[in-house]
Structure formats: C-alpha cells, structure tokens
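Order-wise, the sequence lines are chains E and V.
Residue 211 in our numbering sits at position 211 of the first sequence, and the numbers go up by one each step.
All you need for our numbering is the position in the second sequence, starting with 1, plus 441.
Keep in mind the hints are simulated off the structure, nothing from the lab.
All figures in this text were calculated on a predicted structure; none of them were measured in a lab.
Glycine residues also receive a C-beta, built at the ideal position from the N, C-alpha and C atoms.
A hint or two may mislead.
Stated by the list, open to error - Taking lysine-lysine pairs in the BS3-like style, the calculated list, with each CA pair at most 25 Å apart, reads:
1. E/Lys418 - V/Lys454
2. V/Lys454 - E/Lys379
3. E/Lys330 - E/Lys105
4. V/Lys495 - E/Lys423
5. V/Lys529 - E/Lys423
Unchecked claim - One-sided excerpt, in silico: chain V residues whose CB lies under 7 Å from chain E:
6. Ser448
7. Glu452
8. Phe483
9. Asp559
Claimed, not checked - Every beta carbon over 10 Å from chain V, so not counted as near; a handful from chain E, in silico:
10. Arg25
11. Asn80
12. Pro82
13. Ala98
14. Glu225
15. Ile315
16. Asp317
17. Phe347
18. Leu396
19. Gln397
20. Met401
21. Lys418
22. Leu419
23. Pro422
24. Asp437
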Amino acid sequence: MINCSSDIKMIWNEKIECASREEMRALQSERLVETVQRVYHSIPGYRRKMQEVGLVPADIRSIDDLSKLPFTTKTDLRDNYPFGMFAVPMSEIVRVHASSGTTGKPTVVGYTRKDLNMWAEVVTRSLVMAGAHRNDIVQVAYGYGLFTGGLGIHYGTENLGATVIPISGGNTEKQIRLMQDFGTTVITCTPSYALYLAEVMQEMGIRPEDLKLRVGIFGAEPWSENMRREIEAKLRLKAIDIYGLSEVIGPGVSCECQFQAGMHINEDHFVPEIIDPQTLQPVAPGERGELVFTTVTKEGIPLLRYRTRDLTRLIYDRCECGRTLVRMEKCTGRSDDMLIIRGVNVFPSQIESVLLEMSETEPHYLLIVDREGNLDTLKLMVEVQGQFFSDEIRELQALRMKITHKIESTLGISVDVKLVEPKTIERTAGKAKRVIDNRKL
Amino acid sequence: MIAKQVSVFLENKSGRLNEVTQILGDAGINISAFSIADTSDFGVLRMIVPDPEKAVEVLRDHDFSVQTTRVILLNSPNQPGSLAATLKILSDENVFLEYLYAFSMNENTAVIVIRPTDIDKCMEVINRNREALESSGSHFQI
Numbered sequence: 001m002i003n004c005s006s007d008i009k010m011i012w013n014e015k016i017e018c019a020s021r022e023e024m025r026a027l028q029s030e031r032l033v034e035t036v037q038r039v040y041h042s043i044p045g046y047r048r049k050m051q052e053v054g055l056v057p058a059d060i061r062s063i064d065d066l067s068k069l070p071f072t073t074k075t076d077l078r079d080n081y082p083f084g085m086f087a088v089p090m091s092e093i094v095r096v097h098a099s100s101g102t103t104g105k106p107t108v109v110g111y112t113r114k115d116l117n118m119w120a121e122v123v124t125r126s127l128v129m130a131g132a133h134r135n136d137i138v139q140v141a142y143g144y145g146l147f148t149g150g151l152g153i154h155y156g157t158e159n160l161g162a163t164v165i166p167i168s169g170g171n172t173e174k175q176i177r178l179m180q181d182f183g184t185t186v187i188t189c190t191p192s193y194a195l196y197l198a199e200v201m202q203e204m205g206i207r208p209e210d211l212k213l214r215v216g217i218f219g220a221e222p223w224s225e226n227m228r229r230e231i232e233a234k235l236r237l238k239a240i241d242i243y244g245l246s247e248v249i250g251p252g253v254s255c256e257c258q259f260q261a262g263m264h265i266n267e268d269h270f271v272p273e274i275i276d277p278q279t280l281q282p283v284a285p286g287e288r289g290e291l292v293f294t295t296v297t298k299e300g301i302p303l304l305r306y307r308t309r310d311l312t313r314l315i316y317d318r319c320e321c322g323r324t325l326v327r328m329e330k331c332t333g334r335s336d337d338m339l340i341i342r343g344v345n346v347f348p349s350q351i352e353s354v355l356l357e358m359s360e361t362e363p364h365y366l367l368i369v370d371r372e373g374n375l376d377t378l379k380l381m382v383e384v385q386g387q388f389f390s391d392e393i394r395e396l397q398a399l400r401m402k403i404t405h406k407i408e409s410t411l412g413i414s415v416d417v418k419l420v421e422p423k424t425i426e427r428t429a430g431k432a433k434r435v436i437d438n439r440k441l
Numbered sequence: 442m443i444a445k446q447v448s449v450f451l452e453n454k455s456g457r458l459n460e461v462t463q464i465l466g467d468a469g470i471n472i473s474a475f476s477i478a479d480t481s482d483f484g485v486l487r488m489i490v491p492d493p494e495k496a497v498e499v500l501r502d503h504d505f506s507v508q509t510t511r512v513i514l515l516n517s518p519n520q521p522g523s524l525a526a527t528l529k530i531l532s533d534e535n536v537f538l539e540y541l542y543a544f545s546m547n548e549n550t551a552v553i554v555i556r557p558t559d560i561d562k563c564m565e566v567i568n569r570n571r572e573a574l575e576s577s578g579s580h581f582q583i
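Take the sequences, apply the hints, and build the full model.
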C-alpha cells in the first residue's frame, strides 16, 4: 500500500510488516538462534529445562526447530518470583510491570531500554494498523501503573508522533468532557468501558456527532462481534481489537487493521505457534488450539514457548491491507479457568486461598460474573461455617466486609459478597462448581 | 436466669423459616419465643426452646448453621411502663444491649429476652438492683 503523504503512514514498518514468508522466517530463525544461546547461558531455569530434554543451543538452527524447545508457563514465572526469570542484571532493567497471578503473587516482568523501544515500535505499528496517524489526539483510558495497558499505549502513541492524553481509567464524565474540549480522535480502553462511556455520554446529553472520535482501540478483555457493532454504532467510530499480555510484552503483541479480519501478530518479535492443549503437539496449520509465543528479541524476560492459555487459530493468507504479518482470530476461550473481569485477570484459586485463611467461612464459594449495563459485575457467594457464626447482625456484616476487603485487595476489582447457608452451593461429584459466567460474549 | 438461645443463620429466600419450624416440630421441640433480625441478604433466627442442645443437633443434622448464645430471661409484669422501668435501670448503669425481644407468658407476666454486650456486667447490675427490679414487678424467670 502507498503512503498518502510524507506525513501519514498507512503501514508503519513496511519492510517488516509486508515481508515475504521466507524473509520473515529467515529473520525469526536468526533471532531465535540468538535468543536460545542467550537464555541458555543467562537463565538457569531454562538451561535446566533444556538439559532435561537433552537439548543444547546448537540443536536450534532455525525456526523449524522451535517445537523441540520446552514450554514456559505462568507457574514458571510465579516460582521464580519476583526477578528469577530476568536474563539481565537489575541494573539493565529500566521498568517493571506486573499482572495478577494465580495465588496472590503477581507475575512480574522487566524491561530493558531496548525492550521499551521495541514495545513502543510494536504499539506504534498497531496504532497505524488501527488507522491512527501523527495528527491524531489519542486519549489513553487504560489504567496507568503496574498494568501494561496505559503506559504501553502511551509510549507507542508518542513514538507515532500523535498527541497523548494520559487520562488513565475512570472519571468517566471528565473523560467525555476532555474528548469534547480537546477534540480526541482516538480512544483506547477496554471494550466494556467503551460501552459505558457511550451510556454516560447519552446521560450527559452529548451525541457522538458532537465529538471527533474516529478510531477506538479496545482490548484487555474478550469481546464479541455484536459488541463491536454496538460500540461502533453508539460511539460512531471504527472499533479495533488489540491483543497483548504482559508476559510477552503488553498491548501490541497483535492488532487488527482496517479490515478487521484478525489481529496481525508482530511476529518478528513474538513468534506464534498453536498447540493442542492436551497433547501439547503443534496443530495442523489453520487449526484451532492454544496460542504459544516465543519472544525472539526481548532482553529483560525472554520467553521460550510461553503458553498463553488463549484459544485461537492463525491465518497465514495475505491480508487486504497489504501486510503479510500472520493474523490470529479473536480468542474464543481459555485452556485454564482464568476469567477476565473488567480487564483484570481473575483466577478462582485466588479466591479460594483468601477463604482458606479465614476460619469463619468454608472454602466453598460460587463466583457469578454478569454484565450489568455494560460493566462486568462480580458476585461472590460464600458459605458461612456451620458452627462458628455470630448471631449478631453487626458481626455478620463485619465478616462480610472483611471478606469483601480481602478479596478486593487480592483481585484488584470490586466484588459483591453474599453470605449463604452451609452446603447450599452445589457440589458436583464432590467438587463445587466454582464459576458461573453469565456474560453473553 | 441465663438461658441458651438457639440462633440459626438463614438466607433471605422463601421457605427457609418454614423448614426450620418443621424440623423442630417433627423433633417435638416447642418454640417458646423467637425473633428474626434481617438484612437484605440474610437473617438470623433467634429462639428460646426448652431443649436447646437437641434443637442444635437436629438443625445441624439438616446442615443449618446453628449456634447458641447466652441470654438473660427476665420476668416482667404484663402492664404499661414495666419494660421502661427495667430498661432504665440497665441504661443508668451503662449496660449496652445488642438486642432484646419479649413475649407474653399470660395476662399477668411477660418475659424479656436480653442479649447484653457484656453478660457478666449485666448480671451484676441486675443482682445489685434486685430490690428495685422486684419493686417494679420484674424478677428472674423459669
């Protein structure tokens, strides 16, 4: 595709994004060989894993050898908390981010200066895929902080040369006022927050045609085609899906282009594979399975065959936009029990460990996820203990608040706790059914 | 006197109270008095029964969350002003009450069930003011 003017790029890095399959494989091979050498010598955990399967770095000669390598999981990151998986000395790490882990311990990732530059590059490519350019005003309504969303999009936007409004999440009326006053053209947030913005906008008597919104870049939680249509109609913009996970880099691992036909993976940095989550063998090309990434340029925390647990398929056909970067479909589910609620990763085991610490409750619970209006809600039913409950309402309310606070500080999102009678949560084959997800995605 | 009150945790859903009373009825346990404290989500049923141990046992057998609480039972004349006179004595001595409820025994006598924050202090106050209480007609019951 051609650039419209010297100022406005339709494809940020044409050499890479439109490379032939052979060129891409050659680049991936070269980088993979280098990465394997590096992690083997700098991360004892990887060296041990490779030795266990009888591999030495010299066995990895090209991208075809990728499937010989052992997998990495979230558990590996947790076991090496906080910095055990870092491949460089801490003096080289210029930033850390963290996401919630399975048992309360967060997963920590570290970035070198070069990693941050690479991250900005892949986010910039993603913004351009979405249709943004340097004249845009980009309102970043993802949270800033340990979560990668806010800062990730932020630096990609600066790298593009567009204007950033670093408003972070929440404060909805102010978000809308600034959109109006500053003439925001690109909004980035979670899709459910986008719908909430539309709702509040309506309450405030502001019509989308009063605003200059043109593009919305939404991610960090699963959303459906129906939701896309609703957002596009209510906010009058093009809604683009962006994908990422902090372990791999953050947002910008992949992103849709104008044709909204799957997310282009920045595969010169993150090499994707699809495996069968049961057999762990690679599936036939185009088949659905679990997405696995190997980072081939990252310095801070390189990952070999990291199991994302997201289920999807890869599309290798050339895209109408001209990019040759492989595309991944919208993820259709998870191969573990992780839930994404308001953009936050929630594992049922986190709730279990909180309840186990408390003597007043049974570790039997039911998590009910709903979408009320446009926001996810989380309700937790907890069984009171059979013998040691207080008969004073005040104390029962205090217990309810105690559970609420503990769960909220563990998960990082608000929860509505409901105390229920013992043995009222259904057990199936001796095990309780833990989660009911009523969201229609 | 001090009695063991039986408390049952109940979710606010239809039929639960009915189940508790049916279970006790089937076990031949009479409910002398009861009260319910409730919130929007759950409630606590508090009962005075002749055999609290047996009541606890049969309710636990049916998976209810049950416990017993020590409460004070006080007889009071079934006439206007007697509850006020009794409560005045307690409040003058700074006895805090978590909750109380009452029931009529007959035309002449009512029973007040008191759950003070500090039961020992409350008993001490009652004993010390026995004369005043009795002159107002109140006395320990059962």
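Restraint check for V/Lys454 with E/Lys379, where alpha carbons must lie at most 25 Å apart: holds, 17 Å
Exclusion check [E/Glu225 not at the chain V interface, CB over 10 Å]: holds, 37 Å
Least C-beta distance from E/Asn80 to chain V larger than 10 Å: At about 42 Å from chain V, E/Asn80 clears the 10 Å cut-off, so the statement holds.
Satisfaction of hint between E/Lys423 and V/Lys529, Cα-Cα up to 25 Å: violated, 44 Å
E/Lys418 paired with V/Lys454 [C-alpha distance capped at 25 Å]: Judged against 25 Å, a Cα distance of about 13 Å means the pair holds.
Assertion that E/Leu419 lies outside the chain V interface [Cβ separation over 10 Å]: violated, 5 Å
Given as non-interface: E/Met401, which should sit over 10 Å from chain V by C-beta: For E/Met401, whose nearest Cβ neighbour in chain V is about 12 Å away, the distance exceeds 10 Å, so it holds.
Outside-interface status for E/Pro422 - nearest CB in chain V farther than 10 Å: violated, 5 Å
Distance rule for E/Leu396, whose beta carbon must clear each one in chain V by more than 10 Å: violated, 7 Å
Least C-beta distance from E/Ala98 to chain V larger than 10 Å: Check passes; 34 Å lies beyond 10 Å.
Check on E/Pro82 being off the interface with chain V, judged by Cβ distance over 10 Å: holds, 39 Å
Check on E/Phe347 being off the interface with chain V, judged by Cβ distance over 10 Å: About 26 Å separates E/Phe347 from the closest Cβ of chain V, which puts it past 10 Å; holds.
Taken one by one, the earlier hints fail for this structure at numbers 3, 5, 9, 18, 19, 21, 22, 23, listed in ascending order.
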